[in-house]
Amino acid sequence: MPAFYQQPKTIDELDEVWKRWTLELRDEQIGRIAFARPCLRWARAALVAKDDAAAREHFEKGLVATPDDVELLKEFATYLAEHKNTDRAARLAVDALRVLENREPVDTKAVAAVDRLLSKWDPRRATIER
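Read in order, the letters of the sequence shown correspond to residues 1183 to 1312 in the numbering used here.
Since the hints were derived computationally from the structure, they do not count as laboratory data.
No experiment lies behind these values; they were computed from the predicted model shown.
Glycine included, every Cβ here is placed at the ideal spot set by N, Cα and C.
Take the hints with a grain of salt, since some may be wrong.
[Stated by the list, open to error] The calculated lysine-lysine pairs, modelled on DSBU-like cross-linking and capped at a C-alpha distance of 35 Å, are:
1) 1302 x 1256
2) 1291 x 1256
3) 1232 x 1302
4) 1256 x 1201
5) 1291 x 1232
6) 1201 x 1266
7) 1232 x 1243
8) 1291 x 1243
9) 1243 x 1266
10) 1256 x 1266
11) 1302 x 1291
12) 1191 x 1232
13) 1191 x 1201
14) 1266 x 1232
15) 1266 x 1302
[Claimed, not checked] Pair by pair, the computed Cβ-Cβ distance ranges are:
16) 1194 x 1291: 49 to 59 Å
17) 1267 x 1230: 12 to 22 Å
18) 1227 x 1301: 22 to 32 Å
19) 1213 x 1234: 44 to 54 Å
20) 1204 x 1291: 39 to 49 Å
Hey, can you work out the whole structure from these sequences and the hints?
Here you go:
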């Protein structure tokens, strides 16, 4: 078998790019370093590709990784509402409101936008407001 078909036996046999990538992957897998994955960006790309299963998976992973990301909460809630899951969409909107209201200073425009979405998805909230 020619030499270029043989797998490297040690990390020293890899070129510098592969060596760095392999070591970073190892460190990430054992928890030595944390790597922020762009789950929201991936979910958006899956939506553009009309791959609902992948979009939902990336939204879920993003929610686990960054549960206080207001933008992710709003977009996932909107996605769920469009797919007839308004109960969970309302719950995510409430979470987004909680995060927004606990920030200093409070972004009143963002709070109002999420509040409008919540009123649309939660019928009980609309009757309370009346």
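Hint check:
1. 1302 x 1256: holds, 13 Å
2. 1291 x 1256: holds, 14 Å
3. 1232 x 1302: Holds - the C-alpha atoms of residue 1302 and residue 1232 are around 25 Å apart, at most 35 Å.
4. 1256 x 1201: violated, 39 Å
5. 1291 x 1232: Within the cut-off at roughly 30 Å; holds.
6. 1201 x 1266: With a Cα-Cα distance of about 47 Å, the restraint between residue 1201 and residue 1266 is violated, given a limit of 35 Å.
7. 1232 x 1243: holds, 18 Å
8. 1291 x 1243: holds, 27 Å
9. 1243 x 1266: holds, 20 Å
10. 1256 x 1266: With a Cα-Cα distance of about 15 Å, the restraint between residue 1256 and residue 1266 holds, given a limit of 35 Å.
11. 1302 x 1291: holds, 17 Å
12. 1191 x 1232: Since the Cα atoms of residue 1191 and residue 1232 sit roughly 42 Å apart, the hinted pair is violated (cutoff 35 Å).
13. 1191 x 1201: holds, 12 Å
14. 1266 x 1232: It holds: about 17 Å lies between the C-alpha atoms, which stays within 35 Å.
15. 1266 x 1302: holds, 13 Å
16. 1194 x 1291: 49 to 59 Å: holds, 56 Å
17. 1267 x 1230: 12 to 22 Å: About 21 Å separates the Cβ atoms of residue 1267 and residue 1230, which means 12 to 22 Å holds.
18. 1227 x 1301: 22 to 32 Å: At roughly 30 Å between Cβ atoms, residue 1301 and residue 1227 fall inside 22 to 32 Å, so the hint holds.
19. 1213 x 1234: 44 to 54 Å: Since the Cβ atoms of residue 1213 and residue 1234 sit about 32 Å apart, the hinted range of 44 to 54 Å is violated.
20. 1204 x 1291: 39 to 49 Å: holds, 46 Å
The structure is inconsistent with the numbered hints 4, 6, 12, 19, although it conforms to all the rest.
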